[in-house]
Amino acid sequence: MISGRCAACKSQRRKCPSDCIFSPYFPPNDPQRFACVHRIYGCSNVGKMLQQMPVQMRAQAVDTLYMEARWRIEDPVYGCVKLISQLHQNLNDTESELAKVKALIAFHKLQISQVNELHQPDLDASQSNVEQFQFNYSTQNHYPWFIN
Amino acid sequence: MGGSSPCASCKLLRRRCTKECIFAPYFPSDDPRKFAIVHKVFGASNVSKMLQELPVHQRADAVNSLVYEANARVRDPVYGCVGAISYLQSQVSQLKMQLAVAQTEIMCIQMQQDPTNLSTQIENYQDDKPLILSDNNYGSSNIHNNNYLSFVSSSSSSSNVMQDPFKRESYWS
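Those protein sequence lines, which keep their order, are chains B and R.
Sequential numbering of the first sequence, starting at 1, is according to UniProt numbering.
Sequential numbering of the second sequence, starting at 1, is according to UniProt numbering.
The hints are simulated quantities; they were obtained by calculation from the structure and are not laboratory data.
Careful, some of the hints might be misleading.
[As the list claims (entries may be wrong)] Here are the simulated PhoX-like pairs of lysine-lysine, each with C-alpha atoms no more than 25 Å apart in a straight line:
id	chain 1	residue 1	chain 2	residue 2
1	B	K48	R	K96
2	R	K40	R	K11
3	B	K10	R	K19
4	R	K96	R	K40
5	B	K102	B	K48
6	R	K49	B	K109
7	B	K102	R	K96
8	R	K11	B	K100
9	R	K49	R	K96
[Stated by the list, open to error] Among the chain R residues that face chain B by a calculated CB cut under 8 Å, a handful are:
id	residue
10	E20
11	A36
12	M50
13	Q52
14	L88
15	S90
16	Q91
17	L149
[To be verified] Chain B regions said to be covered by chain R (calculated; three or more residues, Cβ under 8 Å):
id	region
18	51-61
19	69-81
Quantities reported herein were computed from a predicted structural model and do not represent experimental measurements.
Idealized CB from N, CA, C, for every residue including glycine.
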């Protein structure tokens, strides 16, 4: 780093080499960033994690480590797990709400279709009644039994 | 604990497990992976400092949440828990959109059925307070009970703790 030591090397009170693994991600103007990460994960753990991943992923990894470290500092018991739990709860609640509303929609649609059936005359039923009447009349077209 | 059999942390760190060992109640010797993963991500000394700063009755929850985070980080070294949070947020967002559509549909149906009673229907609808309108109401029951770890697998094994957001995917794909 040409302009001076990175925040990590400043914090560790050491020389910042040109190939310092921390310097791209912990600029000296933001000491809080490294302080948070160091407090939760430790300098050497972060260094190992960064070494084990491709260079193009390291910036993102440091950002997420910083976010989780901040959550952990704010809530030493639950950290970011509290947010995950709340999201799960929210997901469950929304699912239940959606299921209720969908059931209500289905119920209303069924009601509507039943009402429509009641208001329309049942042509098939009346037609079969006519046919039955004609059949009965035709079969009865013979002299009554008491007349021979 | 720590009498005859060293806890998982003292076994891994190869030291004597004393009666006052801070790790012993939370890292039993029958689950070495639990401490191994926490040590890998956070480091034993950092975990020890964190536990020392907490009252005793909160340490078990703290350890469980650290195990959860460590598992997430090992599973996804770049995004860790943030990946899970992002995924869950998008799931919630999608569901809320579906809910909004469904609620609009039910309102239309109800208005068609009873257009004269429109104002009462709108009041009733608002009283139900669909979640889409109350984004701040994140799991209020959990907040009151401090039961933030209830969604985590009850198994003490650390290997199957971090499955929830990915298991969710099968519900909605």
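Against the structure, the hints:
1. K48/B / K96/R: 40 Å, violated
2. K40/R / K11/R: Distance ~15 Å between K40/R and K11/R Cα, so the pair holds.
3. K10/B / K19/R: 39 Å, violated
4. K96/R / K40/R: 38 Å, violated
5. K102/B / K48/B: Violated, at about 50 Å.
6. K49/R / K109/B: 61 Å, violated
7. K102/B / K96/R: 13 Å, holds
8. K11/R / K100/B: Since the Cα atoms of K11/R and K100/B sit roughly 52 Å apart, the hinted pair is violated (cutoff 25 Å).
9. K49/R / K96/R: Since the Cα atoms of K49/R and K96/R sit roughly 41 Å apart, the hinted pair is violated (cutoff 25 Å).
10. E20: 21 Å, violated
11. A36: Nearest chain B Cβ about 13 Å off; hint violated.
12. M50: 6 Å, holds
13. Q52: This interface hint is violated because 11 Å lies over the 8 Å limit.
14. L88: 4 Å, holds
15. S90: 10 Å, violated
16. Q91: Where the cut-off is 8 Å and the nearest Cβ of chain B is about 6 Å from Q91/R, the hint holds.
17. L149: 7 Å, holds
18. 51-61: holds (count 5)
19. 69-81: holds (count 7)
Of the numbered hints listed earlier, those contradicted by the structure are 1, 3, 4, 5, 6, 8, 9, 10, 11, 13 and 15.
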